[in-house]
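Q: If you want the building blocks of each chain, they are given just below.
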Amino acid sequence: MPHLTLHYTANLAGFDADAALDDLNRRLADSGHFEESAIKSRALALQHYRVGTAGVERGFVHAHLKVLPGRDETTRRALSQTIVTALQAQLPSHHPATQLCVEVTELDAGTYSKLVIDASQP
Amino acid sequence: MPHLTLHYTANLAGFDADAALDDLNRRLADSGHFEESAIKSRALALQHYRVGTAGVERGFVHAHLKVLPGRDETTRRALSQTIVTALQAQLPSHHPATQLCVEVTELDAGTYSKLVIDASQP
Amino acid sequence: MPHLTLHYTANLAGFDADAALDDLNRRLADSGHFEESAIKSRALALQHYRVGTAGVERGFVHAHLKVLPGRDETTRRALSQTIVTALQAQLPSHHPATQLCVEVTELDAGTYSKLVIDASQP
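Chains as they are written, first to last, in the UniProt record's numbering: chain A, 1 to 122; chain B, 1 to 122; chain C, 1 to 122.
Check each hint, because a few of them may be wrong.
Dumping the calculated EDC-like pairs for lysine to aspartate or glutamate here, alpha-carbon to alpha-carbon at most 20 Å [claimed, not checked]: (1) K114/B x E35/A; (2) K114/C x E35/B; (3) K114/C x E106/B; (4) K114/B x D118/A; (5) K114/B x E35/B.
Not the full set, but computed from the structure, chain C residues with beta-carbon under 10 Å of chain B [stated by the list, open to error]: (6) M1; (7) A10; (8) N25; (9) D30; (10) G32; (11) H33; (12) A38; (13) E57; (14) D118.
Derived by calculation from the structure, the hints in this document are not laboratory data. Just so you know, even glycine gets a beta-carbon here, dropped at the ideal spot from N, CA and C.
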């Protein structure tokens with residue numbers, strides 16, 4: 001924890017998912033709410049997507065941040081805003097109409113398991 | 001919002017994910033509960049999947065619809081049924097035993113962020 | 001139900017997603033909490049991911065199990081531990097520092113839909 005998952009539509013040509021994750025992880029670390037090494041992020045490029053029914057070109061990036069309880073709603077809302085700001089900064093210069101959406105939800109602490117395993121010796 | 005995510009197993013040969021999303025978006029728009037342009041759907045083809053342990057060929061489609069609060073449980077249940085009906089209509093004529101599953105959950109309005117950005121000029 | 005979704009980072013070279021799903025389904029069936037044929041699992045290999053900001057090689061496996069209500073928190077916690085144990089057993093012998101994380105959440109029974117369709121005759 002935290003876990004961040006991005007979905008981005010493939011029509012956002014030039015969206016650099018790796019750069020976006022670098023930037024997002026840095027901003028999450030800078031927020032002071034998380035241990036650096038615990039920030040786990042991933043991005044999935046969407047090949048099959050639709051926005052609405054009008055048949056016009058539209059894209060989106062959806063981000064879902066999951067955090068353990070212990071950060072109040074004001075803090076979670078600020079994290080949501082931090083992410084949407086980062087996504088806007090990462091949007092390529094040429095893009096269709098694009099919706100940037102961010103969810104922040106809480107993990108269930110009572111049943112969340114985590115095991116950290118050191119690198120194996122080669 | 002709403003956000004719809006489909007997972008479908010790769011053994012559903014002939015499942016047309018794009019046609020399914022077109023159909024689902026149209027039905028969601030026709031429900032009258034959402035603004036047309038806000039319906040964001042995506043489908044992920046699953047290459048690695050297992051159903052049960054019996055070693056027989058089985059497939060599934062899983063749909064997860066996320067909506068903001070403001071629609072009561074009866075409405076959300078009706079949306080769930082709308083989606084399962086659409087998935088059944090989209091199932092290819094030849095398919096293994098297939099489970100169609102639909103979740104409808106509520107987004108957290110307090111921390112959900114959305115920013116709509118117009119298309120950039122080329 | 002249950003639904004199990006794995007995310008694993010592509011730097012876990014040799015992670016056998018199909019073998020992991022076989023093992024996980026078997027353990028979930030052996031738990032006695034689920035009907036064998038209802039266990040639906042999938043794994044997504046992550047091509048774009050980041051762990052932290054330190055620039056060192058790190059990986060993760062994230063598992064999310066969704067179950068219908070009717071299993072108490074002690075049971076759900078035991079299922080979480082069952083999954084993390086299985087993931088540890090499936091980790092390839094050579095791997096970077098790796099975080100194994102498991103979430104167990106409840107589906108909303110009031111809006112969950114499921115339709116089981118028999119195989120079509122060829």
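Q: When the nearest CB of chain B is found for D118/C, is that gap smaller than 10 Å?
A: OK, holds: D118/C within 10 Å of chain B, min 6 Å.
Q: Against chain B, with CB atoms and a cut of 10 Å, does the hint on D30/C hold up?
A: holds, 9 Å
Q: Does the structure keep K114/C and E106/B at a Cα separation of 20 Å or less?
A: Holds: K114/C and E106/B sit about 19 Å apart, inside 20 Å.
Q: Answer holds if the nearest beta-carbon of chain B is closer than 10 Å to that of M1/C; otherwise answer violated.
A: Holds, about 7 Å.
Q: Are G32/C and chain B close enough, Cβ to Cβ, to be under 10 Å, as the hint says?
A: violated, 13 Å
Q: Interface hint check: H33/C, Cβ to nearest Cβ on chain B, cutoff 10 Å. Holds or violated?
A: Since the shortest Cβ distance to chain B is 14 Å, the answer is violated.
Q: Just to be careful: measuring from the Cβ of N25/C to every Cβ in chain B, is the smallest value less than 10 Å?
A: holds, 5 Å
Q: Verify the proposed pairing of K114/B with E35/B, using a straight-line Cα cut of 20 Å.
A: holds, 14 Å
Q: Under the criterion that the straight-line Cα-Cα distance not exceed 20 Å, is the pair K114/B, D118/A satisfied?
A: violated, 38 Å
Q: Would you mind confirming whether the straight-line C-alpha gap from K114/B to E35/A stays at or under 20 Å?
A: Status violated; Cα separation ~27 Å.
Q: Taking 10 Å as the limit, does the beta-carbon of E57/C come near enough to a beta-carbon in chain B?
A: With a closest approach of 23 Å, the E57/C hint is violated.
Q: Given A38/C as an interface hint, is its Cβ closer than 10 Å to any Cβ of chain B?
A: Holds: closest Cβ of chain B sits about 7 Å from A38/C, inside 10 Å.
Against the hints set out earlier in the document, violations occur for numbers 1, 2, 4, 7, 10, 11, 13.
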